[in-house]
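Q: Protein chains in written order, with our numbering: chain Y, 1 to 390; chain R, 1 to 401.
Incorrect hints may have been included.
[Unchecked claim] Below, a list of computed lysine-lysine pairs in the DSS-like style, where the Cα atoms sit at most 30 Å apart:
{"#": "1", "chain 1": "R", "residue 1": "K54", "chain 2": "Y", "residue 2": "K225"}
{"#": "2", "chain 1": "R", "residue 1": "K230", "chain 2": "Y", "residue 2": "K297"}
{"#": "3", "chain 1": "R", "residue 1": "K54", "chain 2": "Y", "residue 2": "K110"}
{"#": "4", "chain 1": "R", "residue 1": "K44", "chain 2": "Y", "residue 2": "K159"}
{"#": "5", "chain 1": "R", "residue 1": "K112", "chain 2": "Y", "residue 2": "K25"}
{"#": "6", "chain 1": "R", "residue 1": "K101", "chain 2": "Y", "residue 2": "K50"}
{"#": "7", "chain 1": "R", "residue 1": "K397", "chain 2": "Y", "residue 2": "K7"}
Derived by calculation from the structure, the hints in this document are not laboratory data.
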Amino acid sequence: MALPQRKTDIGPPNYEQFLPPIIKKNYGKWKYHEELNGGTMVHVAESGDKLWTVRVASPRILSTDTIREISDIADKYCDGYLRFTSRNNIEFLVSNEKSLEPLQKELKQKGYTIGGIGNRVSNIVHTQGWVHCHGAATDASGLVKAIMDELFEYFTTKKLPNKVRLAVACCVNMCGAVHCSDIALVALHTKVPPIDHDRAGKICEIPTVIASCPTRAISPDPARKSVKINEEKCMYCGNCFTVCPAIEIHNPESDGIAIMVGGKVGSLRSNPKFSKLAIPFFYNEPPRWPKVVAAVKNILETYAKHARKHERVGEWIERIGWEKFFKLTGIEFTFVEKVLICSPDCHSCESRNPELIEFTRTGFPLKACGNDTYGYFRVFQQAVEIAPTY
Amino acid sequence: MKKKYETPLLDELEKGPWPSFVTEMKKAAQKSDIANDGLGQLEKSFRTKRGYWKHGGIVGVLGYGGGVIGRYSSLPEEFPGVAHNHTVRINQPSGWFYTTKALREICDIWDKYGSGLTNLHGSTGDLVLLGTRTENLEAIFAEYSSRGWDLGGSGSAMRTPSCCVGPARCEWANIDTLDITYTLTQEFQDELHRPAFPYKFKIKTAGCAVDCVAAIARADLSIIGTWKGKIQIDQNEVQNYAKKGMNINAEIVNMCPTQCISYDGKTLKIDDAECSRCMHCIAKMTKALRPTGEKGATILVGSKAPIVVGSLLSWVIVPFIKAEPPYTELKALIHKIIEWWDENAKPRERIGEVIEIKGMRSFLEYIGVPPHPAQIKFPRKDPFIFFKDEDFEKVYKKGKY
Ligand code: HEM
Ligand code: HEM
Ligand code: SF4
Ligand code: SF4
Ligand code: SF4
């Protein structure tokens, strides 16, 4: 069958054709909005026009069947218009108030979950995990499902002091950029990857492998026509595995998950913040990761109980102090060896004092550089043994 | 369908109230070998606690260097359906608005050539088609592009820009985030489709400091709406909030970071000269407060995830810039910023890292933006300064100091 003529560099379709008439009419002229319940809000325009939004949870992985079903619903109640949010929720856009109740009813009937608006837990931003990513140290969709089943009421009805944004990344590369979330889960490999030298020599391009390592831990091993890894420098990021499958980053026994807390992106009240390490390691426990789920719920509920109205998790922690945070949550503050890895790509330090770079790799204190964003900290094997309760 | 896999572990994830991705995969598996074997392999991952995917060499469509992520199973004999499991990134429309007609069209093509599984949406914002074979890629591209859909970015290239819902449905938008995103995506088509950068470059646009797209944390170039005028106050609505139970002193006055609000039980006052435009009061009392006066954008650069030298948040470069069509000034500035980065970065260095290495001076001088206190957290705390001769000529000899 003949294919249609391809076109290049046309860019995305212009969004205007996808805007419902009521939005086109009131574009840029909205006056205020009101939350009606956990998953419904109304926007009122200066013209007096009203637009209702019904927000529905999505697992983000959607089959074409489900997309068609959603489309049928939007045809019936929304004149065929809908949108998705930056956190992967589905939003039905209703311009006729009479459609609102029947829409909500049909959604409930068909098993859709309405919620995520206002001071609640919204959908969890996440990465691909075992479903699709080569470097994943856990499954992201599975974790999300397990956590949201448990926090379900915080999406649909229960109120929190402020919004709580959760995120899951299935490795430290963090395609999902979880680094500024109220509660972030990041999966970690924790061991230097072993090299299958026979295969590495054959199937991998040695210079590419060496260049792939962000910490320059990889050097040639001419005798074996392969490479070797300096264990002191490796931070288990898995970039070498990406270009060379003979360097096996996966390790079912020691891959796991860390929980970080207190990040935010909005500038309301206080500056945006990074998430900070709360619990360094959990073993992977598919299909439901019960310990991770319990720990997330505990952090959320401790926050809900103690924070002041409008405080985000990070703002609450900064007010009460980290010591109090660990005390209130009952999280054991464990010993993790934070090792700053000087970036081999950072020329400024190197050009002034080459030895410093070598020296610092072996454990120069964090404050040395005066800026902790310069450093990447890795969680050593010890942490696994020290924190067996998780 | 041919081979059905037993999936006792994944079946566990069909229980519980939250919508299940396993159910979605099973629906797709009814029609597609890719989805079916993908499900089988995923069950194995759950059983053995590890992934079985390989990153693949370069796959893509003719004339493009990105938009397709090559993925192969490392167990192709066991799961032949996913021997190839490439993803295709389709550039989403601004603000993720769709008509059902458009969504059905996307689904129909995808069912023909791929797994029937999607991500709505991927982390960068693209509509992600999850799982197809190399030989289908040209056909997929012809079908989508002939209907007006183009591929998104991947690799060392501009990534698909994205934005918040903005003026389409938000009273706080100071700039037209949808139009800016559409315009910039069109402006950078070549940079998006043909990776020639040192590393990735992301642009995200938010209409205000609430930042619903995480522009400040997830974009090399963050465009965030702001305003210059006063916050207009409707005192009747203030009273309504008070009547409905809002403790205005605790929730608004005391939480204003610059302490520029006062309330005596009757009248709310804001000292606009001291307001840092953080959006707290406006977001909490949307009926009573609204920004007025000149609207525009703050341009920030640098945010990124932690690999390799640590995460960064974007910081201010241009405190205020007009952002109105045809966006000439904004486009010129972005071109300059990218040019400097492209010239100074080593491979895999993001712009934030390069600025840290080369210094703000080198960067600002190149892009032609003067130094401004809004660009820093605080001035340096030691007197170790490299003076340039021109500094004495241009500044200090002029007599002010
Ligand atoms: C383990 C990692 C690192 C350690 C231990 C380290 C240590 C240091 C020390 C001791 C100083 C002098 C501080 C002072 O004068 O008070 C310094 C300065 C500096 N470092 Fe690092 N450094 C590290 C990583 C990096 C990285 C990755 C970068 C760049 C990306 C970097 C960039 C700089 C710069 C630009 C200065 C000069 C700061 C200034 O002049 O104000 N450092 N570092
Ligand atoms: C020619 C180059 C340098 C010389 C001659 C030099 C000399 C010194 C001396 C004499 C001290 C000890 C000061 C004291 O006793 O209080 C010192 C401390 C220090 N230097 Fe340097 N230094 C040089 C370069 C650098 C560079 C390039 C860096 C970092 C990038 C650096 C970072 C430091 C730090 C962090 C200390 C404080 C150590 C501490 O507090 O124990 N130095 N340096
Ligand atoms: S895992 Fe990362 S740090 Fe370790 S050798 Fe491989 S690329 Fe380098
Ligand atoms: S970032 Fe601001 S303008 Fe954009 S949707 Fe969020 S609140 Fe509205
Ligand atoms: S926008 Fe922020 S800084 Fe300005 S008055 Fe409101 S709370 Fe205060």
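Q: Indicate, hint by hint, whether the structure satisfies it.
A: Quick rundown of the hints versus the structure:
Restraint check for R:K54 and Y:K225: satisfied, since their Cα atoms lie roughly 22 Å apart, inside the 30 Å limit. The suggested pairing of R:K230 with Y:K297 is violated, with an alpha-carbon distance near 41 Å, which exceeds 30 Å. Simply put, R:K54 and Y:K110 have alpha-carbon atoms about 37 Å apart, too far for the 30 Å limit, and the pair is violated. Distance restraint check for R:K44 and Y:K159: the Cα-Cα separation of roughly 38 Å exceeds the 30 Å cut-off, and the hinted pair is therefore not satisfied.
Pair hint R:K112 plus Y:K25 does not hold up; C-alpha atoms about 37 Å apart against a cutoff of 30 Å. Pair hint R:K101 plus Y:K50 holds up; C-alpha atoms about 24 Å apart against a cutoff of 30 Å. At most 30 Å may separate the alpha-carbon atoms for a hinted pair to count; R:K397 and Y:K7 exceed this at roughly 59 Å.
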